[in-house]
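These protein sequence lines are chains A and B, in that order.
Those letters in the first sequence? Residues 1 to 296, per my numbering, in order.
Those letters in the second sequence? Residues 1 to 313, per my numbering, in order.
In case anyone wonders, no lab produced these hints; they're calculated from the structure.
The beta-carbon is built from N, C-alpha and C at its ideal position, and this holds for glycine as well.
Check each hint, because a few of them may be wrong.
To be verified - Here are some, though not all, of the chain B residues that point toward chain A, as calculated from beta-carbon distances under 10 Å: (1) 25; (2) 109; (3) 149; (4) 240.
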Amino acid sequence: MTTVFGVPLPAILGQLMLGLVNGSFYALLSLGLAVIFGLLGVVNFAHGAFYMLGAFAAYVGLETFGVNYWCALILAPLTVGILGIVIERLFLRHLYQLDPLYGLLLTFGIALIAEGIMRGLFGASGKSYPVPDSLRGGFNLGFMVLPIYRAWVIFASLSICGASWFLIERTRLGATLRAATENAHLAQAFGINVPLIVMMTYGAGVALAALAGVLAAPVVQVSPLMGSSLVIVVFAVVVIGGMGSILGAIASGVVLGLIEGLTKVIYPEASNVVVFVIMAVVLIWRPNGLFGRESP
Amino acid sequence: MSAKDRFAKVWLYGVLAIVGLAAPWLGLYPVFLMKLLCFSLFACAFNLLLGYTKMLSFGHAAYFGSSAYVTGWLVTAQGWGTIAGILGGVAVAALLGLAIGALAVRRQGIYFAMITLALSQLVFFVCLQAPFTGGENGLQGIPRGSVFGIIDLGGDAAMYYFVLAAFAAVYVLIRRIVHSPFGQVLKAIRANEPRATSLGYKVDRYKLLAFVLSAGLAGLAGSLKALVLGFVTLSDVSQATSGEVILMTLLGGSGTFLGPALGAILVISLQEYLSGLVGAWVSVMIGAIFVVCVTAFRRGFIGEIERRLARRI
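Extracted from the complex, chain B is given alone in its bound form (with noise of 0.2 Å):
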């Protein structure tokens, strides 16, 4: 990388530091802006499967929605504090993606992605049907807390920044396992599978261990959001949900880094805005920019500019 490069990068990433410490002074909604993290970090852990190993789990909300459950649960009924609680919530994401993961890395490609739809699903129901997930109601009144007792999360302000130093820290950390020597493996992986084979790489392994942690880190977003909006409801754990972070990852850039992150924020802002004025007419949309980016804007916006520029960002 030139001297220039590293030059612009860092005054890219130190604008989006400012943008991201000064968010709630300029007026926005602090719970809006905490929700829009929750997704970006959502988004950035499901682009380290999809962007950097080329599998399409089509059933990303199962992590997410059951950490968000699991979180809920401990804080709430078993009154665990807010860290314990969202550590819990990981270890059971990632546990479910270590168990689907085993059964869906068996088949590539649309299989892959068909396996994982079919076994969230089955979380699905067991998330309707089981003892303590308030089935249709969901989870409600979740308290947040504070950090080992010393700063309240109960304030927007302060639980603001919380979640965006989580944001940020996961953000580094895949940045760090993107540019490790796993994520070369599993670059090679996503360009010629039969040949990582043959230069001996188990590569089922490489790939459950990114399911494992894409899962786990998609289950830290999902605990965020609990704790952020105070409630948990099916649709965390629903193929709609799914479905949105496919699209978020794909219209921001899939395999790029800040790509998910704007994705996210586009499409949850779209939401946000559009559904008190269409109702119901929001999913046509979201289909639609499903259809546009699939066939015409197959690199999503952060992958354009990468093309325009010739460099990564």
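This is chain A alone, in the form it adopts within the complex (with noise of 0.2 Å):
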């Protein structure tokens, strides 16, 4: 059998499989993180939480309303979208003035709420939900079997990720969206509703993360802290990208995905922590990232 550095090439091929999933989960979050910060300035604590609430809601969705899984991933979004935009103009609205650190602590005292309600109510300990129907089973690649759930969410992330792309660089909205970016102010002069952008921009940045959290559902343990550390990967993952870029943040998703995924095979006793030590590195060689064109 083939191997590298002293592994079984298979094993290699479905921890890099895993890295990919994991990685497709990072970049469809800090894609969403990404477009926030980049409108709002607000550094979305609670992105983890949202995720968190999506895949809540595809199970209560199942479990309670018999939602199945392809409703679930439109219904699950737009109500969690919806709660971002009560969010939006209930508090995070009154700071857009004052420091960015008060968006970034009131979204922490949210992801609080969210998750500590949801261990109220379901308790601390991981729910399944089943993979749907369509998806079980899996390609034989002949070096190894590729479950077809896996081959999905992977191919829905980065679908979803190009789309957003597209979306913000290549279309009219997204340059409304872009001036609304750059200049606040001179778009309100245009006649641009700006606080009307902004309000649906939370809410699709937040629907990101929910879908995100639907996507997830079937391979992860739906569970009340689900988010709460994998938000701080995140921030990681947006600090060696920079968070200037939307190209960026998918990117360095997707590929340290893929790094922690190879970590796991060769020194499994850093995968946790690989992110973070890439993040040092990248601090000290490039402090404003690494697509990172804002000034620090």
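Given two chains presented individually in distinct reference frames, assemble the corresponding complex, making use of the accompanying hints.
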């Protein structure tokens, strides 16, 4: 059998596949984080909580209302997105004039509330969400079996990332959004309803997190704390990529997922921390992040 | 400062000192009082960064917890004395602060917060996996020992006064630091960093020194807590603890001397009394206090009092 670093090749490819799945979640989450930060100047600490709420929305939808996976894929992000819009209206809106640190702290508090409520309602233990029937089984690639659901997660996340990039960089709506990011006052003077755009952007960013949650529900345990450590990794991804660039956020998410997967094969003890170590190295070498354009 | 102000301040601190000295005899559980003091110390150390330099470290539990682990390990497994164990813990916390601070001060504002958070998560995982921390079980049965073999700290009263003395010393030290020329430079950086740079101050060095001081003092709080309770767990290095110390400081009033201590007393008391009543919903309440503090109560209790009185206390 072929081996690399003394590890059988199928094991490496299997971990790389898992890494790619994680990487697609990182990409979806850091994309939403970067878009929200770009327009609102808020680092959304509640991003992991919205991811968790998305997964729970799918779980509750299935258990209580019999909503299937494909409907949950639409309904969960919609519900969570509306929740995000309500939060933006009620709380975040009042903080834009202040130091961005307050936005971070507010969303941290919201994350604590969301996690606490879900823990009070569902307990701390994980729930399992079944893989939808149409995505069961796997392709036999000869050297390994690729579960169809994992392939679907990678395909779906990367297409959504690509579509978001296209929407922001190549359409009229995206141009408006970028204009508002660049100079909100001037955009408003040109008749663009900036507060509305800000609200919808937060809703959309949060909905992306919820979508990642639904995609993740069948491959991870649905639990109230599933987002809290993930959001820290995504923060590190965003620091590595530099928050200014959408493509940077997507690319660094995918690549860091792969590196994490590789670390699980070569030196499993370090797999939890490898992203943070890379962040430290990047900070020494390029303090603004790999794709960062903004001043520090 | 007018003579009247000075008089009022002497009264205030006189009363606080009497309350502090008499507290164990007022029917309050001494271990709980010591826990309050440890967290007050932790919050005061944290405030040195947030309040006076406006650097939001989102990972201060890393220094608190790692120092607690090191002290616990030194006095339990290595047989070090209590004071040596504490100093060992503080030294490790300060070194860790030097390493993390040197990376984090390269960025400002929210990036600083995210970097300190990510690196403290790294420390968390190291504590989870390192051989001397006991992993999920933590360290248990840490002896309190004695001060140079003269004063035995096994009794709660002796330990209480030891912790109180440490708290008072650090409180005075922090006041000295803030009022020193160094502290003035920190406040200048807080007010306008580019201007401080243009005046020729090596801003990053000042920030790093403040970070190391804060990390070392947070470590002292952690070491004392390990000795008081006799155990260290992973929650001492966790993100939740980092969040709590931020809340304590905000609730009491960041940038005030007494605020963080008051905030710590409020938060720990709330947790202690409510966790029995409402269980997991405590974190909902902590989150709600966070939201209220950030949206409507940004000065905190002491900050509001100072504003009403139009003077610093």
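>> Tell me if the interface restraint on residue 25 of chain B is satisfied: Cβ within less than 10 Å of some Cβ in chain A.
In response: 37 Å, violated
> Holds or violated: residue 240 of chain B as interface residue toward chain A, Cβ cutoff 10 Å?
Replying inline: Result: holds, 9 Å to nearest chain A Cβ.
> Given residue 109 of chain B as an interface hint, is the shortest Cβ-Cβ distance to chain A below 10 Å?
Replying inline: 6 Å, holds
> Any CB of chain A closer than 10 Å to the CB of residue 149 of chain B?
Replying inline: Violated. Min distance 40 Å.
Checked against the numbered hints listed earlier, the structure breaks hints 1, 3; every other hint is satisfied.
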